[in-house]
Amino acid sequence: MAAAFDAIEPGTRIEGEPFAVTRETIREFCDASLDYNPLHLDDAYMQGDFGATNFGGVIMHGMTSFALLTRMLTDWLYPLGGIHRRLETRWRAPARPGDTLRPAARVARKKVTRLGRWIVLEVEMRNQRQEIIATGEAMAEFPR
Amino acid sequence: MARAQFETDFWKDAQLRKSWDELVPGEPRRTLPYLLTREAVLKYCRAVGDLHPLYVDEDYARRSPWGGPIAPPSIHILLMFACTPADDWMRSPGTINAGQSWSYNVPARPGDTITLQARCLDKFIRKERLFAVHDNVFFNQHGRVICSGRGQTIRPL
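Quick mapping for you: the protein sequence lines, in order, are chains P and G. Going by the numbering used here, the residue at position 46 of the first sequence is 46; the numbering climbs one at a time, nothing skipped. Going by the numbering used here, the residue at position 146 of the second sequence is 146; the numbering climbs one at a time, nothing skipped.
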């Protein structure tokens with residue numbers, strides 16, 4: 001794991017698998033997560049306003065983005081012997097049926113502490129129009 | 001523990017859930033223990049397209065450093081709803097997720113009985129919106145922390 005950690009260069013870019021959002025994937029996520037908020041299911045409800053915001057139709061769960069970013073990170077880390085330790089995200093725009101999402105990350109920095117070896121990554125999710133859906137930061141540990 | 005009936009109609013008894021005004025920062029939320037089954041893990045993995053063999057292939061997982069199947073770190077997405085009762089305010093229709101941060105300690109595993117300690121930690125008003133900050137810690141049956149997280153939601157008016 002020391003060799004793997006040492007070999008990681010700040011600036012390294014990681015790309016995750018694209019994910020095509022449909023009403024079916026949203027419904028499947030409802031059943032798997034038990035999150036049946038009408039934001040994700042009820043078009044009539046979503047014609048209404050949410051304060052100054054009108055979504056105009058159902059939107060994907062933000063936590064689907066969180067799960068897709070997690071998958072990108074663990075797919076990259078497991079073969080290197082790294083452990084996914086933290087993910088922080090903020091949602092910038094909703095994702096909708098018909099969108100294709102692409103997760104990506106960049107190694108921002110490395111840090112050696114008294115007991116551990118860490119990397120910090122910047123993460124983001126964009127749709128097919130290159131609009132940012134989510135941004136955030138992740139942290140992985142390469143145990144000593 | 002693995003409740004056969006999960007109320008999927010979040011409008012049902014919605015008026016019984018706490019509004020933003022009624023949230024008391026610091027007050028614990030009522031939670032429920034939950035038996036995480038292999039079926040629930042697989043269903044979650046399929047829904048997010050994450051079929052890593054550590055999650056779905058028992059033989060592979062047994063030979064790995066993890067010593068057996070684990071759940072993806074993000075399984076707390078399911079656990080949040082699985083470990084809370086139907087009158088929990090996170091189910092209020094119109095709850096909008098603004099951001100989350102989660103830290104991971106030991107993985108959840110199929111067969112774990114998982115408990116949750118949770119509370120609204122803070123609430124505030126910003127740009128005409130009502131926010132709640134919630135913190136959550138999931139434990140396994142051995143009392144070990146699986147993960148801890150903090151989220152911000154915009155509460156329905």
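Source of the hints: derived by calculation from the structure; they are not laboratory data. Where hints are given, some of them may not hold.
Claimed, not checked - Chain G side only, calculated, beta carbon under 7 Å to chain P, not exhaustive:
1) GLN5
2) PHE6
3) VAL48
4) GLU58
5) ARG62
6) TRP66
7) GLN100
8) TYR104
9) ARG129
To be verified - Below, in silico cross-link-like pairs of lysine to any residue (SDA-like), each with a Cα-Cα straight-line distance of 20 Å or less:
10) LYS110(P) to PHE81(G)
11) LYS43(G) to ARG92(P)
12) LYS18(G) to SER64(G)
13) LYS127(G) to ASP49(P)
14) LYS123(G) to ASP135(G)
15) LYS123(G) to ARG27(P)
16) LYS43(G) to GLY57(P)
17) LYS12(G) to ASP31(P)
18) LYS12(G) to HIS40(P)
19) LYS18(G) to PHE50(P)
20) LYS43(G) to ASP49(P)
21) LYS43(G) to PRO94(P)
22) LYS12(G) to ASP43(P)
23) LYS127(G) to PRO94(P)
24) LYS43(G) to MET46(P)
25) LYS127(G) to ARG90(P)
26) LYS127(G) to CYS30(P)
27) LYS12(G) to SER64(G)
28) LYS43(G) to GLY51(P)
29) LYS127(G) to HIS40(P)
30) LYS12(G) to THR22(P)
31) LYS43(G) to HIS40(P)
32) LYS127(G) to ASN54(P)
33) LYS123(G) to GLY51(P)
34) LYS127(G) to GLY51(P)
35) LYS43(G) to LYS127(G)
36) LYS12(G) to PRO94(P)
37) LYS18(G) to PRO156(G)
Just so we're clear, the structure is a prediction, and the values are computed from it rather than from any experiment. Even glycine gets a Cβ: it sits at the ideal position worked out from N, Cα and C.
Output the numbers, in ascending order, of every earlier hint that fails for this structure. 1, 4, 5, 6, 10, 11, 12, 15, 16, 20, 21, 24, 26, 27, 28, 29, 30, 35, 36
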